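Each protein sequence line maps, in turn, to chains A and B.
Positions 124 to 716 (the working numbering) are the ones given, in order, by the first sequence.
Positions 3 to 357 (the working numbering) are the ones given, in order, by the second sequence.
No lab work stands behind these hints, which were simulated from the structure alone.
None of these values were measured; they are calculated from a predicted model.
Careful, some of the hints might be misleading.
Okay, derived cross-link-like pairs now, DSBU-like style, lysine-lysine, Cα gap no bigger than 35 Å in a straight line [stated by the list, open to error]:
#, chain 1, residue 1, chain 2, residue 2
1, A, K234, A, K334
2, B, K130, A, K234
3, B, K18, A, K414
4, A, K429, B, K155
5, A, K414, A, K234
A few chain B residues that face chain A, going by a derived Cβ cut-off under 8 Å, partial list only [claimed, not checked]:
#, residue
6, V54
7, F79
8, F83
9, F89
10, N93
11, Y117
12, P126
13, L156
Each pair of labels, with its calculated beta carbon distance range [unchecked claim]:
#, chain 1, residue 1, chain 2, residue 2, range
14, A, T433, B, K155, 54 to 64 Å
15, B, K18, A, F450, 29 to 39 Å
16, A, R579, B, T134, 36 to 46 Å
17, A, W434, B, A113, 26 to 36 Å
18, B, Q323, A, R417, 17 to 27 Å
19, B, V176, A, R428, 56 to 66 Å
20, A, R417, B, Y117, 56 to 66 Å
Each residue gets a CB set at the ideal place from its N, CA and C atoms; glycine is no exception.
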Amino acid sequence: MDGDGAAVIGSPAAGQEARPTPALRRGGLVWLLWLPPVVFLGLFYFYPLISILQVSLSRAEGFFPWEVLFSSSILRVIGFTFWQAILSTLLTLLAGLPGAYLLARYDFPGKGLFRALTAVPFVLPTLVVAAAFNALLGPRGWLNLGLMALFDLSSPPLTFVNTLAAILVAHVFYNTTIVLRLVGDFWARLDPRLALAARALGATPWQVFRKVTLPLLAPAILAAALLVFIFDFTSFGVILVLGGPRYATLEVEIYNQTTGLFNLPLAAALSIVQLLCTLGLMLVYTRLSEKVTRALTLYPDVLPRKRLRTWRERLAAGFLAGLLSLFLVLPLAGLAARSFTRLEPDRGQAALESGGFTLDFYRALGENPRQSLFYVSPLTSVSISLGYAFATVVLALLLGIPAAWALARGERVKNPLARWLNRSMDPILMLPIGTSAVTLGLGFVIALDQPPLDLRASPLLIPLAHTLVAFPFVVRSLTPAIRSVQPRLRQPAAILGASPGQVIRYVDLPLIGRAFLVAATFAFTISLGEFGATAMLSRPEYPTVPVAIYRFLGRPGGINYGQALALSTILMLVCVIGMLAIERLRVGEVSEF
Amino acid sequence: MSGLEIREVHKSFNGKKALEAVSFRVSRGEIVALLGPSGSGKSTILNIIAGVESPDQGEVIWDGNPLLAVPVHRRGFGFMFQDYMLFPHMNVFDNVAFGLRMSGWEMDQIARRVYTMLELVGLPGFEKRNVTTLSGGEQQRVALARALAPRPKLLLLDEPLGALDRLLRERLVVDLQRILQEMSQTAIYVTHDQEEAFVIADRVVLLDQGRVVQQGTPAEIYWQPRNEFVARFLGMENIFPAQISSNARGIEVKTVLGEWTIPLPGGTLSQSLPAGETVKVLLRPDAVTLDEDATCRITAEVVASSFRGQQQRVIVEAHGQRLVFELPSRLSVPKAGQPVEICFEPQQAIQILSA
Chain A
124 MDGDGAAVIG SPAAGQEARP TPALRRGGLV WLLWLPPVVF LGLFYFYPLI
174 SILQVSLSRA EGFFPWEVLF SSSILRVIGF TFWQAILSTL LTLLAGLPGA
224 YLLARYDFPG KGLFRALTAV PFVLPTLVVA AAFNALLGPR GWLNLGLMAL
274 FDLSSPPLTF VNTLAAILVA HVFYNTTIVL RLVGDFWARL DPRLALAARA
324 LGATPWQVFR KVTLPLLAPA ILAAALLVFI FDFTSFGVIL VLGGPRYATL
374 EVEIYNQTTG LFNLPLAAAL SIVQLLCTLG LMLVYTRLSE KVTRALTLYP
424 DVLPRKRLRT WRERLAAGFL AGLLSLFLVL PLAGLAARSF TRLEPDRGQA
474 ALESGGFTLD FYRALGENPR QSLFYVSPLT SVSISLGYAF ATVVLALLLG
524 IPAAWALARG ERVKNPLARW LNRSMDPILM LPIGTSAVTL GLGFVIALDQ
574 PPLDLRASPL LIPLAHTLVA FPFVVRSLTP AIRSVQPRLR QPAAILGASP
624 GQVIRYVDLP LIGRAFLVAA TFAFTISLGE FGATAMLSRP EYPTVPVAIY
674 RFLGRPGGIN YGQALALSTI LMLVCVIGML AIERLRVGEV SEF
Chain B
3 MSGLEIREVH KSFNGKKALE AVSFRVSRGE IVALLGPSGS GKSTILNIIA
53 GVESPDQGEV IWDGNPLLAV PVHRRGFGFM FQDYMLFPHM NVFDNVAFGL
103 RMSGWEMDQI ARRVYTMLEL VGLPGFEKRN VTTLSGGEQQ RVALARALAP
153 RPKLLLLDEP LGALDRLLRE RLVVDLQRIL QEMSQTAIYV THDQEEAFVI
203 ADRVVLLDQG RVVQQGTPAE IYWQPRNEFV ARFLGMENIF PAQISSNARG
253 IEVKTVLGEW TIPLPGGTLS QSLPAGETVK VLLRPDAVTL DEDATCRITA
303 EVVASSFRGQ QQRVIVEAHG QRLVFELPSR LSVPKAGQPV EICFEPQQAI
353 QILSA
């Protein structure tokens, strides 16, 4: 999971019908439009996956990978992957459900801000989150340094990094939003008088919850739990950075087997296991979310919410909202603050000379301390990341526009073959979401570094991987906008005296233009924060920002640590601004999850 | 006193008064309608009786015992909502059985009771049906069966027919009245529709802005609306100021339209009507005729008339006063702009309204 926001999973906004143009009625254009995305997916998704399958089945280095798969150590990894995902999911539900109730049933001052706050973690790159928790609870974090200063300790008293607790806390931090939004939105539509009806029939409050509220919420809770589970199951950056060497999930194991041990066959076999699990879960999730959508049509209206009346209600709500906000904001604030604060002596110095506010960490980003030839300064990584992000935007739009156009405009094509193509392409486009980033990276490593397609040295390798991750999001945000441009909207404009050029300028472009911006921002932020595939593919001399953060976090010394936090803070800001832009520009129909 | 007693109940929301000194009683076996426009406080009273809201002041008493400390689920009252609030995740049987399960009935007793109730509301064989696939009328019947199944001491109905179309409503209100009466069910029926209230209720409590303005049988309220609000709420619009010219044998009232003598009204009203006092009088729209044989009192000009089946509504103007009458359709009414003689007996047609 790279925190790219599952913002677009779920059904495309349907309902509005586009009238086909004559060319589309013939069906030919649909095929033409599908050509680039199909070629792209074929070359960079299916071909790598098939290569993975092939490698996993080859008896390359004297062993058959599927035998090793059932060795105790690998079984332990698989077991741990499930175990931490189950625990994380349960904890996330526990943290999110009371908040979902609060959001669904009550209006209170600051609610809009609270809602916006809860959405922030979801868009942050995993490395930023890992760095944030490190800055708060790590050995050099606020809490440990504070305790050390307070009690005059020589070593950090709290061990947080490299524990299961760290993994769980970061996962809850990431995914509480999903529960708040999915369950909260559903809950807001359940009439509170249903509970009243049950009470009047003699049910105690607890019986009402168990027999009426919970069964009615079940589809939403299950869907949220499943989505959270999928993210936790494929979590990579969090486990790599916060879990340390003791904890490996499938995702981390694939990475280790590939980059550390060069055991591609085993990595491939693990990828196949991973892929089967996530695709199976995605399938169940899709079914469930259809059920939720169906149930939502049963209760179309969001019901009026109550105000907090008694002091007890106010206190409970304030406590809950405060606690959640604190949990979500504290690590991020801690990260930003820590990146501007010097709290420890530099290497080689016995005591802290000048503590407090400092810009040193940011200044150091541009320096090359040992004048080393191979050293890549962090600022270089920023420009590398930006370059990749722009390339990703261009690629994703080039591929996403024809796909979205075909989906939006080709819905009522007469040609049965073209219709079949449209129907089957829709779920296929979503496949990359159901494939873990590390698996995508592994596919590139295996398939694209040898003829016929050798891209090892190509600067496009990483943007291509990022495009694969961003592509579904781009299509999902473009389709409804293109669908909303209809002859029905053009006619009134023309009748009102607009020339065809004016129609395009004042009607079509404003509608599509915003969607383009949203799609581009999605692609941009996804690319900036992507870590799973990048970690597999990046070359030492061209690190992206997340890769640079990962490296700095792994190095000793306060200045390295500070640089990691400074880079993370910059990345966090860019992503939050991106999210705000998306929220602003979004055309109403894009569904949230 | 057996039954329900509401005593001096006050309630405000955020400083706005919702109920002011509301008092009324519901005897065992009686059906009382709370009638009033929206915002008059009907639903708030119902919520207080059910135990969802608590009053700022006042008492709610059942069979002599105070109720306010009893939580919702121990009051043993049934509740029916405008949009039924059937549990969408349960079938018809489970919905009706819910209250029985909550009070710990035996399985076979539950089954028998559910079948009896579905029989009673006219939905036999509907046990396995999914409630979301039922029509509005069917859902309403299931809701009734569910509310009645645990034999509630008191049934609270919150505009239970409000979501249905007029035709269905007229049929169901009669069914509902029959069922409630058959079970001699004590009930409070909240509605803003006077016809519904008149059909179903033994007694009507009329509310305006959180106060009880009049209570009595439907006939009492219809024939003796106490004040201008009640008269207007019942659709009687011919209300105009009058001066009491004498209060000796009967009351003489003087209006722009003429001077009439009417009998002394009973009760305290007559004492507060000395000569010279200005009051409001009502000219009942249903108590006039155009028959030349009767004594005609007002010459007016027809403004418009509209045909409504059995009745026609005729709007006339006299001395700058606009009057509306409900007349039998058979009467022929002059065309708009023509003069017309309005004939009535003041004793029946003129009523003094209290301020």
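Which numbered hints are broken by the structure, listed smallest first? 2, 3, 10, 11, 12, 13, 14, 16, 17, 18, 19, 20
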